[in-house]
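Just need the whole structure built from these sequences, with the hints factored in.
2 protein chains.
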Amino acid sequence: MFTALATYLVEKGGLTSDELRQVEEVAVPKKIRKRQYLLQEGDVSHHIGFVVKGCFRLYGVGKNGEEYSMRFAIENWWISDFDSFQSGLPSKYNIDALEDGELLMIRKEKFEGLKESIPHFKKLIEKLTAKNYEAHQNRILSNISETAEEKYDNFIKTYPQIYERIPLHMVASFLGLSRETLSRVRQQHTKKRTNNS
Amino acid sequence: MFTALATYLVEKGGLTSDELRQVEEVAVPKKIRKRQYLLQEGDVSHHIGFVVKGCFRLYGVGKNGEEYSMRFAIENWWISDFDSFQSGLPSKYNIDALEDGELLMIRKEKFEGLKESIPHFKKLIEKLTAKNYEAHQNRILSNISETAEEKYDNFIKTYPQIYERIPLHMVASFLGLSRETLSRVRQQHTKKRTNNS
DNA sequence: CGATTCTTTGAAAACAGTCAATCTGTGTGG
DNA sequence: CCACACAGATTGACTGTTTTCAAAGAATCG
Numbered sequence: 001m002f003t004a005l006a007t008y009l010v011e012k013g014g015l016t017s018d019e020l021r022q023v024e025e026v027a028v029p030k031k032i033r034k035r036q037y038l039l040q041e042g043d044v045s046h047h048i049g050f051v052v053k054g055c056f057r058l059y060g061v062g063k064n065g066e067e068y069s070m071r072f073a074i075e076n077w078w079i080s081d082f083d084s085f086q087s088g089l090p091s092k093y094n095i096d097a098l099e100d101g102e103l104l105m106i107r108k109e110k111f112e113g114l115k116e117s118i119p120h121f122k123k124l125i126e127k128l129t130a131k132n133y134e135a136h137q138n139r140i141l142s143n144i145s146e147t148a149e150e151k152y153d154n155f156i157k158t159y160p161q162i163y164e165r166i167p168l169h170m171v172a173s174f175l176g177l178s179r180e181t182l183s184r185v186r187q188q189h190t191k192k193r194t195n196n197s
Numbered sequence: 001m002f003t004a005l006a007t008y009l010v011e012k013g014g015l016t017s018d019e020l021r022q023v024e025e026v027a028v029p030k031k032i033r034k035r036q037y038l039l040q041e042g043d044v045s046h047h048i049g050f051v052v053k054g055c056f057r058l059y060g061v062g063k064n065g066e067e068y069s070m071r072f073a074i075e076n077w078w079i080s081d082f083d084s085f086q087s088g089l090p091s092k093y094n095i096d097a098l099e100d101g102e103l104l105m106i107r108k109e110k111f112e113g114l115k116e117s118i119p120h121f122k123k124l125i126e127k128l129t130a131k132n133y134e135a136h137q138n139r140i141l142s143n144i145s146e147t148a149e150e151k152y153d154n155f156i157k158t159y160p161q162i163y164e165r166i167p168l169h170m171v172a173s174f175l176g177l178s179r180e181t182l183s184r185v186r187q188q189h190t191k192k193r194t195n196n197s
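Protein chains in written order, with the working numbering: chain A, 1 to 197; chain B, 1 to 197.
Derived from the structure by calculation, the hints contain no laboratory data. Cβ coordinates follow ideal geometry from the N, Cα and C atoms, glycine included. There could be a bad hint or two in this list.
[As the list claims (entries may be wrong)] Straight-line Cα separation of at most 27 Å, BS3-like style, residue types lysine-lysine; simulated pairs:
| hint | chain 1 | residue 1 | chain 2 | residue 2 |
| --- | --- | --- | --- | --- |
| 1 | B | Lys108 | B | Lys34 |
| 2 | B | Lys122 | A | Lys123 |
| 3 | B | Lys115 | A | Lys108 |
[Unchecked claim] Chain B regions said to be covered by chain A (calculated; three or more residues, Cβ under 8 Å):
| hint | segment |
| --- | --- |
| 4 | 54-66 |
| 5 | 75-86 |
| 6 | 130-141 |
| 7 | 171-177 |
[What the hints assert, rightly or not] Reference excerpt, derived from the structure (chain A facing chain B, CB under 7 Å, subset only):
| hint | residue |
| --- | --- |
| 8 | Gly60 |
| 9 | Tyr68 |
| 10 | Asp83 |
| 11 | Gln86 |
| 12 | Ala130 |
| 13 | His136 |
| 14 | Gln137 |
| 15 | Leu141 |
| 16 | Asn143 |
| 17 | Ile144 |
| 18 | Pro160 |
| 19 | Glu164 |
| 20 | Gly176 |
| 21 | Ser178 |
Below, the structure written as structure tokens:
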């Protein structure tokens, strides 16, 4: 089960087999069933998880019970509430599994240790952090500048693999639209596509 | 002029006077006039600026010429297009001065050097990065979950110092509202306040 | 199969955006 | 010092988009 992470670390970070062994030592496999929580509001996120298999979702809950999807993660993505992971404070969010899945969990202390002792690993994490920053920036720009249709368009172009795996009402809550609006936007969209081709 | 940054680094990062000297060596003072650009779309952001005095704005321009405010910075904040700064790619954004101002500019290579050679400095930057991540997360949640009035409310609570210094139409573009809508929201808001007190 | 979850649709209401006009304060040049 | 231009803020009337509520139609799962 570690092979997925090993492959990833070699490809993306150029880790040596000795370095891989160090990572393997601290990566704890975890199986999780669909609909189970990986993290619940109020918990502290002590781990970061590498997704070997499955699909996960980080979301907040409004006072009327509405769910706001903040982030999704599929194979070869990392998942955690990074806020809580960094700060050690209780999380405002929940993480749940949208499918049966498998993760490799690394404790915060161990994770920091890997960054210290493996420069390649550190570099990789910094690269991911930068990418993440850019993604946030783009998402905010999309939020404040685009119409519902443009947001939808943008989403399916940016995250096609995710789009095909999650229910539409979660796409809607990720984009800040009601599911009904998303449904209608999609209808418009396919109408246009068929006219043009 | 360096004293502002020195004070900041001692208070927030606990730097020693020797470490401060290292920072001073690479920090280049820059004066800038109201309405001048610090960065223009297409430029690469080679520097990060520490704001000694003044107020700055990072914004994108839509195809119809509308401006979308992504970020503001006042005294003791850092300003740059961090995307471009990290990646070395041309920026999609502009930075301009909303008032006459003074900055201390640090070149990317020098900045990375400081992180290498001064653990205190590195730690401070990492703390800021984490805070920034949290701020982005909160802003996205606000974007996708709140009404116009809640967004406005949230903004004046989160950034009171900025609110009182920048034109309202920039607050509007930061929140993803039209200036007219913001104006009406404000009117409602003050009406409520006077009724309740 | 029955239950649950997900998606779509229609109609009405709430909300935000646009356009156009006006009002304010600031600063510049004659 | 005044006049004028300019940037910013507000207001009203209108338009358009999005939400809400209610219902019903798919799809999936045990």
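These are the hints, each one checked on the structure:
1. B:Lys108 x B:Lys34: 25 Å, holds
2. B:Lys122 x A:Lys123: Judged against 27 Å, a Cα distance of about 14 Å means the pair holds.
3. B:Lys115 x A:Lys108: Since the Cα atoms of B:Lys115 and A:Lys108 sit roughly 22 Å apart, the hinted pair holds (cutoff 27 Å).
4. 54-66: Holds: 3 residues of the segment 54-66 of chain B have a Cβ under 8 Å from chain A.
5. 75-86: Check passed, 3 qualifying residues.
6. 130-141: holds (count 9)
7. 171-177: Three-residue rule met by the segment 171-177 of chain B, so holds; n is 4.
8. Gly60: 6 Å, holds
9. Tyr68: 5 Å, holds
10. Asp83: 5 Å, holds
11. Gln86: This interface hint holds because 4 Å falls under the 7 Å limit.
12. Ala130: 4 Å, holds
13. His136: The hint holds - A:His136 has a Cβ within 7 Å of chain B, the shortest such distance being about 4 Å.
14. Gln137: 6 Å, holds
15. Leu141: At 6 Å from the nearest chain B Cβ, A:Leu141 passes the 7 Å test, so the hint holds.
16. Asn143: At about 4 Å, which falls below the 7 Å cut-off, the nearest Cβ of chain B leaves the hint on A:Asn143 intact, so it holds.
17. Ile144: Cβ of A:Ile144 sits 3 Å from chain B, so the hint holds.
18. Pro160: Given a least distance of 21 Å, the restraint on A:Pro160 is violated.
19. Glu164: 21 Å, violated
20. Gly176: 3 Å, holds
21. Ser178: A:Ser178 check fails; min Cβ-Cβ to chain B is 11 Å, beyond 7 Å.
Taken one by one, the earlier hints fail for this structure at numbers 18, 19 and 21, listed in ascending order.
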